[in-house]
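Undergrad: Let the hints inform the model, and build the full structure from the sequences given.
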Amino acid sequence: MTDEAPLVVLIHGLAGSRHTWDRVVPLVDDHAEVVAVDLPSTRSIEHEADAVAALIDRPAVLVGHSRGGLIATAVAERHPAHAASIIALCTPYSIESRLGSNRLTERVLRIPVLGDVAWALAGDGRRRAGLASAFAPGVPINHRFVTALERAGRRGLIDASAAIDLYLAKATLAQRIQALSVEVQLVFGDRDGRVVSPSSEALPHHLLTSVGHTPPWESPEDVAQLILATISAAAHPATESC
25 MTDEAPLVVL
35 IHGLAGSRHT
45 WDRVVPLVDD
55 HAEVVAVDLP
65 STRSIEHEAD
75 AVAALIDRPA
85 VLVGHSRGGL
95 IATAVAERHP
105 AHAASIIALC
115 TPYSIESRLG
125 SNRLTERVLR
135 IPVLGDVAWA
145 LAGDGRRRAG
155 LASAFAPGVP
165 INHRFVTALE
175 RAGRRGLIDA
185 SAAIDLYLAK
195 ATLAQRIQAL
205 SVEVQLVFGD
215 RDGRVVSPSS
225 EALPHHLLTS
235 VGHTPPWESP
245 EDVAQLILAT
255 ISAAAHPATE
265 SC
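Going by our numbering, the first residue of the sequence shown is number 25, and it counts up by one from there.
Source of the hints: derived by calculation from the structure; they are not laboratory data. For glycine and all other residues, C-beta sits at the position ideal for the given N, C-alpha and C. Careful, some of the hints might be misleading.
Stated by the list, open to error - As a list, the in silico SDA-like pairs of lysine to any residue whose alpha-carbon atoms are at most 25 Å apart:
{"#": "1", "residue 1": "194", "residue 2": "180"}
{"#": "2", "residue 1": "194", "residue 2": "148"}
{"#": "3", "residue 1": "194", "residue 2": "249"}
{"#": "4", "residue 1": "194", "residue 2": "57"}
{"#": "5", "residue 1": "194", "residue 2": "204"}
{"#": "6", "residue 1": "194", "residue 2": "175"}
{"#": "7", "residue 1": "194", "residue 2": "253"}
{"#": "8", "residue 1": "194", "residue 2": "227"}
{"#": "9", "residue 1": "194", "residue 2": "245"}
{"#": "10", "residue 1": "194", "residue 2": "56"}
What the hints assert, rightly or not - If you anchor each label on the Cβ, the simulated ranges turn out as follows:
{"#": "11", "residue 1": "162", "residue 2": "202", "range": "16 to 26 Å"}
{"#": "12", "residue 1": "261", "residue 2": "144", "range": "52 to 62 Å"}
{"#": "13", "residue 1": "28", "residue 2": "136", "range": "50 to 60 Å"}
{"#": "14", "residue 1": "83", "residue 2": "136", "range": "19 to 29 Å"}
{"#": "15", "residue 1": "138", "residue 2": "230", "range": "20 to 30 Å"}
{"#": "16", "residue 1": "138", "residue 2": "74", "range": "27 to 37 Å"}
TA: Written as structure tokens, this is what we have:
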């Protein structure tokens, strides 16, 4: 790819990794320069947005999964020259939209000492069970996601979750989108077990059928189609009729 190729930056979600996009990248990389980032789990969406912006040398299509959609939004807020457009997949849009953050498991993990013990005792099977809500019922949990969760660790998971609430407490996603000058496409799965799909009136969005919280893995063709359509639209903007 040359410097003139469209740039697509893929941003993973909570306790995820660049491997979230392994099924999407082969469908897109013939048409764009694709960068799938690996981010540390921190308590600051803004700092992670700065880290993403540092990797970008021109306006990019920012594609964020879940928490990654908030990071993409923060890139557009803080570094507008680096954001050509945003596609946010299953991104929490308010604190109340998050189904998992107040479940018993996460509440226990937030408790000092007890949380450390619970994390240490959780084996592969328990981690897979905890990841089940990230996919539609019946979707097998790939080892990539278990490995990413283990790499994040208890502290990384809790910090990354807290960062979501801190960011949304300052302003909801709808409020932030209204202040941006770039197009933002919101996409949700109708089987999402982690984020409640908003009403179309409150937050216009595209709904994927029979898809859970992780469209890049569950429905990569749909995600790739959204990315390619966005690239095509940018390359061939509609002209106003005289």
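Undergrad: Each hint: holds or not?
TA: Each hint, compared with the structure:
With a C-alpha separation of about 22 Å, the suggested pair residue 194 and residue 180 falls inside the 25 Å cut-off, and the hint holds. Restraint check for residue 194 and residue 148: not satisfied, since their Cα atoms lie roughly 36 Å apart, outside the 25 Å limit. For a cut-off of 25 Å, the pair hint linking residue 194 to residue 249 is broken: about 33 Å separates their Cα positions. For the hint pairing residue 194 with residue 57, the CA-to-CA distance comes to about 33 Å; that exceeds 25 Å, so the pair is violated.
A hinted pair counts as satisfied when its Cα atoms are at most 25 Å apart, and residue 194 with residue 204 qualifies at roughly 16 Å. Annotation: proposed proximity of residue 194 to residue 175 is violated, straight-line Cα distance about 29 Å (limit 25 Å). Using a Cα cut-off of 25 Å, the hinted pair residue 194 and residue 253 is violated, with the two alpha carbons roughly 32 Å apart. For the hint pairing residue 194 with residue 227, the CA-to-CA distance comes to about 18 Å; that is within 25 Å, so the pair holds.
Restraint check for residue 194 and residue 245: the C-alpha separation of about 34 Å exceeds 25 Å, so the hint is violated. Simply put, residue 194 and residue 56 have alpha-carbon atoms about 34 Å apart, too far for the 25 Å limit, and the pair is violated. Distance hint check: the CB atoms of residue 162 and residue 202 are about 37 Å apart, inconsistent with the given range 16 to 26 Å. Between residue 261 and residue 144 the beta carbon distance is about 54 Å. The supplied range of 52 to 62 Å therefore holds.
For residue 28 paired with residue 136, a C-beta distance near 52 Å keeps the hint of 50 to 60 Å intact. Between residue 83 and residue 136 the Cβ separation comes to about 43 Å, which falls outside the hinted range of 19 to 29 Å. Separated by about 41 Å at the C-beta atoms, residue 138 and residue 230 break the suggested range of 20 to 30 Å. Range check, residue 138 to residue 74: Cβ separation about 34 Å, and the 27 to 37 Å hint holds.
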